[in-house]
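If you read the sequences in order, they're chains D and C. FYI, the numbering for the first sequence is 1 to 484, going by UniProt numbering. FYI, the numbering for the second sequence is 1 to 484, going by UniProt numbering.
Just so you know, nobody snuck in bad clues.
For chains that are exact copies, the list does not tell them apart, and a pair is met inside one copy or across any two.
Calculated lysine-lysine pairs in the DSBU-like style (CA-CA distance at most 30 Å, straight line):
1) LYS452 with LYS317
2) LYS387 with LYS452
3) LYS332 with LYS452
4) LYS427 with LYS388
5) LYS361 with LYS49
6) LYS438 with LYS317
7) LYS208 with LYS317
8) LYS427 with LYS332
9) LYS54 with LYS332
10) LYS427 with LYS415
To be clear, the hints were calculated from the coordinates, so they are not data collected in a lab.
Below, each chain spelled out in residue letters.
Number of protein chains: 2
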Amino acid sequence: MADKLPLAYEHVLEPANLRDLNEPLIDHAEGQLFLTQAFNIIVEEVLCKGTDVKQKVCHESLRSWLSLRLAETTFFFFISGHPRFFNQQFAGVDYHALAGRFLTETLNTNLFTYEVAPVFVLMEMEVLRGLRQLVGWTEGDGIFCPGGSTSNIYAMNLARYQLFPEVKSQGLYGLPRLAIFSSPESHYSVKKGAALLGIGTDNVIMVKVDDGESKLCSLSVCFFQGAVPFLVSCTSGTTVQGAFDPLDRIADVCDKHKLWMHVDAAWGGSVLFSKQHRHLMKGADRANSVAWNPHKMLVAGLQCSALLLKDTTNLLKRCHSANATYLFQQDKFYDVNLDIGDKSVQCSRKVDCLKLWLMWKAVGSSGLAERVDKAFVHVRYLVEQMKKRDGFHLLREPEFVNVCFWFIPPSLRGKEGNADYQDRLAKVAPTIKERMMKQGTMMVGYQPLGNKVNFFRVIVFSPLVSQKDLDFFLNEIERLGDDL
Amino acid sequence: MADKLPLAYEHVLEPANLRDLNEPLIDHAEGQLFLTQAFNIIVEEVLCKGTDVKQKVCHESLRSWLSLRLAETTFFFFISGHPRFFNQQFAGVDYHALAGRFLTETLNTNLFTYEVAPVFVLMEMEVLRGLRQLVGWTEGDGIFCPGGSTSNIYAMNLARYQLFPEVKSQGLYGLPRLAIFSSPESHYSVKKGAALLGIGTDNVIMVKVDDGESKLCSLSVCFFQGAVPFLVSCTSGTTVQGAFDPLDRIADVCDKHKLWMHVDAAWGGSVLFSKQHRHLMKGADRANSVAWNPHKMLVAGLQCSALLLKDTTNLLKRCHSANATYLFQQDKFYDVNLDIGDKSVQCSRKVDCLKLWLMWKAVGSSGLAERVDKAFVHVRYLVEQMKKRDGFHLLREPEFVNVCFWFIPPSLRGKEGNADYQDRLAKVAPTIKERMMKQGTMMVGYQPLGNKVNFFRVIVFSPLVSQKDLDFFLNEIERLGDDL
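Only chain D is shown next, with the shape it has when bound in the complex:
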């Protein structure tokens, strides 16, 4: 019958179509049974087996439940919650955060207006306030973004808008060429953002932050060539080496030249919880904006990325707003400043604050500080053990919880002078990585950097890691690489 409905609905409804209008398409009892079974499987297979060091990091047992019709051989997961997942800046599991994520998914609301997310609008404000306080700001603004790249890109857009508010309506036409300063080890989102914003990657000027003179010199060259620098993007915790830019010194330069200072602390921001290590970000309070991803070191779960602003002039909303009348009606009965959606370039926006809020409340600031401190202690242990063994060569002493090193297999030891040494060394990490992935024993990343050939980068911060896992890590690298 339904097929016969004319397009414009200019008819009387057929009784046959009406019969089932009172039968929803979802059976709650059946659905809840499925969900409960799924939950039990998730706990058993992912949280129990998946985090058990006796099990592989690479996991296949969800196959029967999902019965994916893709190539069978590729059907495996890597369990980021496994204590031997050292691959990236996400690892581990926090059960409070995970409970918050389950609740977020079930409530399935949206942060654009207060009316559909009253608690979460206030909760986001509260969490942002707490994070800002750690930066050292008693006032300010902020928003959760879908990842640190977006936070960095928002900062660029805000800096540009503050200097040239007309860019919002008129675009870049008629404006001088703009330039951004950053460091060679900054995150690639600075370039991605420059491309997206119409500024161009060539206008991101990379200066070594250890060389104050060359930064100032570059600034002068830039002004001379007619480009207007408007932003310096510093990094607290670079992706590969975990290095921290000297924020106080950069702030001096930014003050002098009236530049927006942005701190990409997506990775390193969590040191602010630690009394012992927060000095690494000394000067962050002098910045205009800080990007910080609690989904990394704090294990809040992807995605949880805060952009924090010192601004108190509603810059975020002025820059991003479009004043859609269907969402942001001005004649609502509550304070319409609580409709925070127009601060975002997104329309629908996930609730990313609840998981962090719940974990923070459960563990406390001191508990989060303890995790950060313990990660540093673990790294210290790992570094000391590396120094005691042959074959582990550090790139440099770690500042943070990234440990970058080459494994020199026995056949290459003492052969540094050989012509093919670098070429052969470059092949070691990929080969070991291939073997570990195929055997599923652990996960760790490698990369080249500048003229340095492939080296391993082990990231140690998961609250699930123990000393035994670090010993295992070293033994396993040796086992997998000893014949190379």
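Add chain C to chain D, keeping to what the hints say.
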């Protein structure tokens, strides 16, 4: 002891710090108990009570569990899964999708490389292929984005890059002024995107799509004034009225002028599942890109937003890539084309495909089609009932599942000629909405549009809705507004 650790680690570790290195900070048994309790509360309070029509849409009983330290009076949730949540384009619950979301949250991986998300990289490709097939494409590309606004903005960036590849490195400097065509009822993300990309909101030219001549005329004016149009952003399912642009006619214009045709089908895309209603998007296969949010009508859960591309030249990756060597090593042992991260402007990217994949597999294309068809039948019923009652005035016959109407309270009926009629009518919807929110009986949105004063927009598509809920809706509007 930890407090005494010097900054540069140039010391021997203190034995006291080592003692607890084998004790992870997370207690799995305790954590899993908490998670299980949370799960049981979520099922009981949100999924059972929250979707029960006898309960309020506004919900307070999670308070004791969360014990939020914010203003007590504001501690309430709106349950988007409640059958009487008609407020926005998200509502309802699908248990398969929800199970997929729980698994996604627990695995907590990241779509940037194949090595950390092997199944999900393939699954995303498979889901995108399925969605493209419904558009009518046998080849192409695509990516999941954090919301439809981002999908629309990506399309703009791709269109610009295709026409002027040098924009990526050099920015907009030296390029002519660019212009975008869209319609007045298009989503506000078109303007937000134009601002972000440095194009400027003034360069978004709004043309009425019903007037082919004025569109062509505007194009001419645009060329004449030196601006280069590069994109037409059409809408399939406008946010307020649910209108569909005539894609075939727009495609003719785009063909003639060699313009990128983008279809924002974030809301309306799901009609493609329905044999009966897919004609609304006839011509979509002629577009270059389609944005489609399965988190809306398909109830996949926020966020689930696909950008689909006809392109087969790797445009997405060429436009967005930054080739970070620490992620996208070229000497991996698997096909590095499976490292899809560089197609995105994001770095970390959530897995948004699993929930849709699982639901699609469980319900089938026919099940999803049935949901779409039933929503149209519900809307038809609602419209017929409105016509039978006094006081309900439709703005126009709905094309889709948005029903826009004024409720005329008894005191205003027959007073259309009065000078204060429009002013008084404008206050009706906000007053009724305030009452319904405070009583928590249901949720529905209102807005003004152009010279039309505040009207209600009821969105009917949740698979939980039944005829009784629609009768309740009408009765409740009358009950809340009869004294106005």
